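These protein sequence lines are chains A, B and C, in that order.
Residue 208 in our numbering sits at position 208 of the first sequence; the count goes up by one each step and never skips.
Residue 1067 in our numbering sits at position 67 of the second sequence; the count goes up by one each step and never skips.
Residue 2127 in our numbering sits at position 127 of the third sequence; the count goes up by one each step and never skips.
Note that these hints are calculated values from the structure, not bench results.
In this text the structure is predicted, and so the values were computed from the model without any measurement.
Check before you lean on any hint, since a few could be wrong.
[Unchecked claim] Covered stretches of chain A (in silico footprint by chain B; criterion: 3 or more residues with CB under 8 Å from a CB of chain B, positions within the stretch not fixed):
| # | stretch |
| --- | --- |
| 1 | 90-102 |
| 2 | 181-191 |
| 3 | 256-268 |
| 4 | 275-284 |
[To be verified] Which residues of chain C face chain B? A partial, calculated answer using Cβ under 8 Å:
| # | residue |
| --- | --- |
| 5 | L2016 |
| 6 | A2050 |
| 7 | C2076 |
| 8 | L2077 |
| 9 | R2082 |
| 10 | I2089 |
| 11 | F2090 |
| 12 | S2105 |
| 13 | N2108 |
| 14 | R2112 |
| 15 | K2149 |
| 16 | T2153 |
All C-beta atoms in this analysis are idealised placements derived from N, C-alpha and C, irrespective of residue type, glycine included.
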Amino acid sequence: MLTSEIIWQTILSGVLMGCIYALVAVGLCLIWGLMEIVNFAHGEMLMLAMFTAFWAFSLYHIDPILSLPLCMILLFIIGVATYFIIIKKIIKAPFLAQILATFGLGIFLRYLAQFMFSPDFRTIKNPILSGNINLGGLFVGVPQLAASLICIATFIILYSFINKTEMGIALLATSEDREAASLMGINSDKMFALGWGIGAACLGVAGALMSNFYYIFPEVGFNFALIAYVAVALGGFGSIPGSFVAGIIIGLVEFLSGLFIAPAFKYSFVFLIYLLVVFIRPQGLWGRY
Amino acid sequence: MGGNKHKWIWLVIGAVLCLIFPLFLTLPFPRHLMIMIFLYASLGLAWNMIGGYAGQISLGHAIFFGAGAYTSTLMLMKLGVSPWVGMLVGGILSVGIAFIIGYPCFKLAGHYFAIATIAIGEIAQQWMLNWDWAGSAVGLTLPILPESLINLEFHTTKAPYYYVAFGILILAILATYGVDRSKLGYYFKAIKGDLEGARSLGINVTKYKFYALALSAFFTSICGSFYAQYVLFIDPDSVFPLMLSIIVCLVATLGGVGTVWGPVIGAFILIPISEFTRIQFGGGGKGTDLIIYGFLIMVISIYQPFGVIGITKRFKKKESP
Amino acid sequence: MPLLEVQGLSKHFGGLVANDHVDLRVDKGEIIGLIGPNGAGKTTLFNCIAGFYAPTAGNVQFKGEDITGLPANEICLRGIARTFQIVRIFKDMSVLDNVMVGAFSRTNSAARAKQKALEVLDFCGLAAKKSLLAGGLTIADKKRLEFTKALATDPALLMLDEAIAGLNQTETAEAVELVKKVRESGITVLLVEHVMEVVMPISSRVVVLEYGKKIAEDTPEKVIHNEEVIKAYLGDKYHASRRAH
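Bound conformation, chain A alone (with noise of 0.2 Å):
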């Protein structure tokens, strides 16, 4: 039966695994408008994050509130790491190298995990965050509440950063015009090294909220990747605040369409979103081009 309070916990939960998908996109956003070159193993390595926040409570019993800045700064590292060792030497490859490039390191990391970790869908048992608490009559995880919580935070400090520091206004610019900036002695190697990471970190973050009450396996990150696609695409290309409020509205989107339609379906409507922007509004809803 579809009463008002089924509809609105579903509103709910939507909106709050909006959120994380929201800092999802926000990450591939960031690395996506610094160099054109879109990112096919974000989802991979907002996987690895999961499982880093996983081992870190199997093996050393580190919860995963404490091991998200270990998350953030892993994923940093993996993210420069990927910069310097494979994008590097793509940026004036061919299109064709550039897609393959981040897509086969997305299936080479995928399938690596697969083979380290096995297949098994694993779930951290009681962290600190867990339970269910009453919002008004309505029951919200508590893991979930603290989830899109911190990531509106985190959206919130890397706004701040990008508009307000030096460093961040470096960033913007040489997402704007690399020579430009670079006629002002702005390295654009390290810019791009740096979006990578941040852009990275992104999923660090991400990652370790999750872990708190979503399953974790290999092939865990390739939906997500997927809602990005679409949120940067919805939201604009480019435009960070606009991807983060694309992820929300997605996130609402998927649940509502599970809820009214069929939970079968739910990413069909998510992959349809994005087919209707990109032929309707290609500049998404707050885009710069």
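For this one, chain A is given, so just place chains B and C on it according to the hints.
Frame of chain A; chains B and C shown alone:
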């Protein structure tokens, strides 16, 4: 002219070897291996039309493979129609699908197009998983029919499958060759090279992108129908998955995109690796060959995006001063 | 009847007026020079005529037919070929193949396209380099290839967008000879150029744009002495600082 004669000799030797292969190797595994190589080479050649020549990177080609497999199978099961007819109908249907998804998608550039193809491929797989009339997640088991060419089913030996697969490959090679030398090929390459430049020379870009996709879809679909008749069981996970789209793309890329022989070479290298790692690592093999794939994709795209053929061209350049 | 007639053509990009009610007439057999300071709207005008932009207002008539707003490939098939300021050659194809792409606009036969391409390559002096990869050519040869490709489409009107900029003295002289040769073969030429030594000697008429408007149209000798034109190029201090954006 001497160089051309050389090529012809090698081609003839290669063709003859392929033709007599099953007479010498009667064990099922080598035949299966060759059939898979032929199949993936054909798929690679098909992808090559749109991805290699026209430069539009599709990562959702499985939709055509699945469409072919399901069309011929359903027509066989529900209408009793010979799989050859089903194959043709599937091919035409796939061209229709190419039209419907192509025209809107061709407005998209590069990354957006690739993501759109992934999205469409995923949607297709989702739908098939939930379409009961077509078997949904359970899949379709083809009826066992008396073995004959008309039924395209053979039970005692793989040899006829081998020759059919070989025939499909020859067709794909001829089609690619034909495209390569003709206006189509030149226009595809121009579209890949510089879109606005191509337009300024009178090319209706959307129309030609569609031709490339249509050709590609048709051949991919035929391969799908063949696969169904060979394996006698299909389900959305075996004929619509993203992995298939990726392997097809990889086969063409490894060998050399935009060339006639690239995808063939790619298949001859990649498929044995896949089959052998599957055997070596036993049950967990499903993941292991993909680790190698992933690594290979990275290496090729970074160091030699023109594939094996690109490497041989470089050698030739070094030889002649 | 003029070969090309542009009437009241305007092109707006949001609030920016790139072309403002421009009239232009090109008769068969002429070489028309289109000049003006940077940002005057020359390339925009080209793009509007050639179908890369749709004009906001006004119309374009070619051989008496209205071609306003037709897509770029259609306009090429009607007989207007154009080159780009930043060359759009197919760098992974050979020089011959590049030109064949142009030739295919008039035929479906690969043999005939090849024959036409060889003729045009010969005409433009690139025949010796036909097997080279386009991406490996020198800048001068790339510009020549850009020119040759366009010529292979058998145009009645050839529009050149700064095809001669950036060449050295010898190359510039060769390019000018080539343009003259093209006109002699019956093709009308409309060219945008910054290099005055090129435009003035060969043009029958010169059109000057500034801030999207046509400010002068006359024979080269008269245009050089036109006060508006001199002010547009040299400017006084006020003009120079106003133009910065």
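Right, here's what the structure says about each hint:
1. 90-102: It holds: at least three residues are needed, and the stretch 90-102 of chain A offers 10 whose Cβ sits within less than 8 Å of chain B.
2. 181-191: Violated: only 0 residues of the stretch 181-191 of chain A have a Cβ under 8 Å from chain B.
3. 256-268: holds (count 5)
4. 275-284: Coverage by chain B holds here, the residue count being 4 at a Cβ distance below 8 Å.
5. L2016: Nearest chain B Cβ about 21 Å off; hint violated.
6. A2050: holds (7 Å)
7. C2076: holds (4 Å)
8. L2077: This hint holds: C:L2077 lies near chain B, its Cβ roughly 5 Å from the closest one there, short of 8 Å.
9. R2082: holds (6 Å)
10. I2089: holds (7 Å)
11. F2090: holds (3 Å)
12. S2105: Since chain B brings a Cβ to about 3 Å from C:S2105, closer than 8 Å, the hint holds.
13. N2108: Status holds, d = 5 Å.
14. R2112: Because about 10 Å separates C:R2112 from the closest Cβ in chain B, which is outside the 8 Å limit, the hint is violated.
15. K2149: Status holds, d = 6 Å.
16. T2153: Holds: closest Cβ of chain B sits about 6 Å from C:T2153, inside 8 Å.
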